[in-house]
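Letter by letter, the chains look like this.
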Amino acid sequence: MASIPAQFADPDLNRQLVSARQLKSSNGSMSGLYSGIDTLDELFAAVKPGDLVEWGIPPGLNGRLIPLQFLKQNIPASVWIYHHHGLAVFASSWISHGVDLQRLFFACSANPVAELRPLFLEDTFKRIIIDSPKKFSAGDLAFVCRQARKQQQIVFLIRHYFLSPKQGNAYASLRINTWQEKQGRFSMQVIKGSQSRKVAIAEELLFSERS
Amino acid sequence: MSEAKLNIIQLDEFDGFPAYVAIYAGQAVNNPFVLSPVAMQWSEQIVLNRVQDCEAFWITQKNKMQCDYHALFAPVLAHHYGEDFIAVFACHPWQCLLYLAYLIDQKLSGVYFLQSRLHQNIYRSLDWQTWFANQEMLAAHFEFVQAKGFRADRFRSRQAQLTRFINRTGFSGPFQLPGMSYQVFSRRFGTWLASVRRWTMQQSSELRGFPWISVDQPLRPLVVRDLEYPVNQWQVVELLLREDLQRLCELFMQDEQEHINRMVWLIRLFNHQLVEVELSFRHPYSLYRDQPGFKTALYQARYIYDDLMRDLQARDSDLDLPETMPLLDWQIEVCESFSLPPVIWDLFGHDAAEIAHEDILNLQNKLPVTLDSYCYTRSFFPEQCFSVSPLCEKTDDDPGQLQWISQSLHRPLFYYQSVDEIEVPVAGQFTFLERCANDWWEADDTLATNRDYYILKNPRGAASWVYRDFNGRWFKQGEYC
Chain A
119 MASIPAQFAD PDLNRQLVSA RQLKSSNGSM SGLYSGIDTL DELFAAVKPG
169 DLVEWGIPPG LNGRLIPLQF LKQNIPASVW IYHHHGLAVF ASSWISHGVD
219 LQRLFFACSA NPVAELRPLF LEDTFKRIII DSPKKFSAGD LAFVCRQARK
269 QQQIVFLIRH YFLSPKQGNA YASLRINTWQ EKQGRFSMQV IKGSQSRKVA
319 IAEELLFSER S
Chain B
2 MSEAKLNIIQ LDEFDGFPAY VAIYAGQAVN NPFVLSPVAM QWSEQIVLNR
52 VQDCEAFWIT QKNKMQCDYH ALFAPVLAHH YGEDFIAVFA CHPWQCLLYL
102 AYLIDQKLSG VYFLQSRLHQ NIYRSLDWQT WFANQEMLAA HFEFVQAKGF
152 RADRFRSRQA QLTRFINRTG FSGPFQLPGM SYQVFSRRFG TWLASVRRWT
202 MQQSSELRGF PWISVDQPLR PLVVRDLEYP VNQWQVVELL LREDLQRLCE
252 LFMQDEQEHI NRMVWLIRLF NHQLVEVELS FRHPYSLYRD QPGFKTALYQ
302 ARYIYDDLMR DLQARDSDLD LPETMPLLDW QIEVCESFSL PPVIWDLFGH
352 DAAEIAHEDI LNLQNKLPVT LDSYCYTRSF FPEQCFSVSP LCEKTDDDPG
402 QLQWISQSLH RPLFYYQSVD EIEVPVAGQF TFLERCANDW WEADDTLATN
452 RDYYILKNPR GAASWVYRDF NGRWFKQGEY C
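Sequence order for the protein chains is A and B.
Take our numbering: the final residue in the first sequence is number 329, and no numbers are missing along the way.
Take our numbering: the final residue in the second sequence is number 482, and no numbers are missing along the way.
Only chain A is shown next, with the shape it has when bound in the complex (with noise of 0.2 Å):
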């Protein structure tokens, strides 16, 4: 005769409940980025849950486009922490990108770790954009990178300026610059990653209508 699992010996109906949604959780995480662009994907094959990428992408030149495809395809839970100043999010665009925006929350930090501990210290989301924020130190990336590991997250960590190879991150498996070019089409400058290169895409595929 088959034996019940160890966590459903406990009587208490409660706890049977609370150890088969771990069970259930533990089934269902969804892992790697995808975006459907096929020179995203295999720029971003190697990022795997538990990793942090970091992102530099000025004011002005559009690169968040770049970030937000891995947001639009059957997305966990995820969280955009946010500090512009005096600027919102304007959601309407963010829907018309086809970003799910059930799965997408949005959170306003200037200091995300120090006034948002809670969220990193629980796995309720598997993507955390950390979108410029005003105060994060080198402390807050260790401890950002050791709370994904231990959760099995991606961190996006978006920087308000061009990477440099000069200052490097030891905490990130890849760094990237991205924009907007005049001529429309957008650039991605990898920094540190499997493969140092630039590689660029054209804007159609970015801009395609959301069926």
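Check the hints yourself; a few may be wrong.
To be verified - Below, a list of computed lysine-lysine pairs in the BS3-like style, where the Cα atoms sit at most 30 Å apart:
id : chain 1 : residue 1 : chain 2 : residue 2
1  : A       : K252      : B       : K477
2  : A       : K166      : A       : K268
3  : A       : K190      : B       : K63
4  : B       : K477      : A       : K300
5  : A       : K253      : B       : K477
6  : A       : K284      : A       : K166
7  : A       : K300      : A       : K310
8  : B       : K296      : A       : K253
Think of the hints as simulated: they come from the structure by calculation, not from any bench.
With chain A fixed as given, assemble chain B onto it according to the hints.
For chain B alone, coordinates are given in the frame of chain A:
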């Protein structure tokens, strides 16, 4: 058959979450806190609940259970009051009571939403007899709250005056009266009856003089902590607080149905000053389910403790006091709580897409800032084409949604909520994007609602989202980040 069913569903659709509910239990009501911790006992058998206080919570539960509001509330009310209850949801308590009186008279039972077209039509056809039915009890409540200028005898004489007017003119119900404004009605039949008429008609949830008398929570569990020595380290405070929360949990008899909205933490400082702070939860919080760690409550306490210490340091910076003010003793009292039956907190609350709504709500309770969720709205005007939606609200597929969801493809991801006027840009720096118009048919100056949107690039290539209004002035509204 299926067509007839579809018609009924369409008739039952309603927009917006109701603010109040009146519940008729058919027997004396022992527990008025059923759908919200804010309740009023209207009569022995009727209670009112202000459900708008828990709006986000109920919307989340509806999405979690993938049902409509009827299927959500009916089992909860049946759990508390048996099968013969009547519940009326509406935007104002008076409207709930009015329609409830009609339903009691019709010997009906179940859950009714006054926002639905079907019930709204019936409501608008109610007669004067129903309208006057609850006014005796209303007068009693006015007297209880000692409403300024209210006199029951004068109120009754005004009612008689109105009755004579109705008999003379033959209007069959309050909605049949010709467009008589509040002022005109007030001059003729007194302010109190005019208020009642306004509550009957109004679309908003403002009470506007309705005598709302909140019922005190009958059981307000309280734990007191007397310290043998002052403590000023959060680590120690946290440890002791955890014990206190465990004691609170015991006071609730380990009742898993009990959910808390608000607690008061009364602290005595080292200088014997008493400070009262509030531990409030955005979504009903269960101590039972958070034990033994009580992480959510302790996070809230930590934020409050940090704020308090910061304020005290700023105030007493010139005094020779310890860096953090030691605490001498404290007490924690549960001020608002209500009971939720097991059907609501079922742990298998995941929807098919694996979004753990329960976890997100719990996390939201632990954070000092809100987690925002957005959805599109049916408007072409940029500021009005989306709105903040309650956390975890599920939007149904709308057959005509494509035009709304695809309209902002070339708009930026972030925008300025308050726009600044900019200098008229030089030709060649900007590219035309689109022309937008607000609801021009509602505006006084129809042309003033027109805007021409452009992408403006500065010499360094940074793009902004700008518009020119009809007067030729330019404004910056967003950045292409």
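Okay, the hints, checked on the actual structure:
no.: 1; hint: A:K252 x B:K477; in the structure: holds (23 Å)
no.: 2; hint: A:K166 x A:K268; in the structure: holds (13 Å)
no.: 3; hint: A:K190 x B:K63; in the structure: holds (25 Å)
no.: 4; hint: B:K477 x A:K300; in the structure: holds (20 Å)
no.: 5; hint: A:K253 x B:K477; in the structure: holds (27 Å)
no.: 6; hint: A:K284 x A:K166; in the structure: holds (25 Å)
no.: 7; hint: A:K300 x A:K310; in the structure: holds (25 Å)
no.: 8; hint: B:K296 x A:K253; in the structure: holds (25 Å)
Against the hints set out earlier in the document, no violation occurs for any number.
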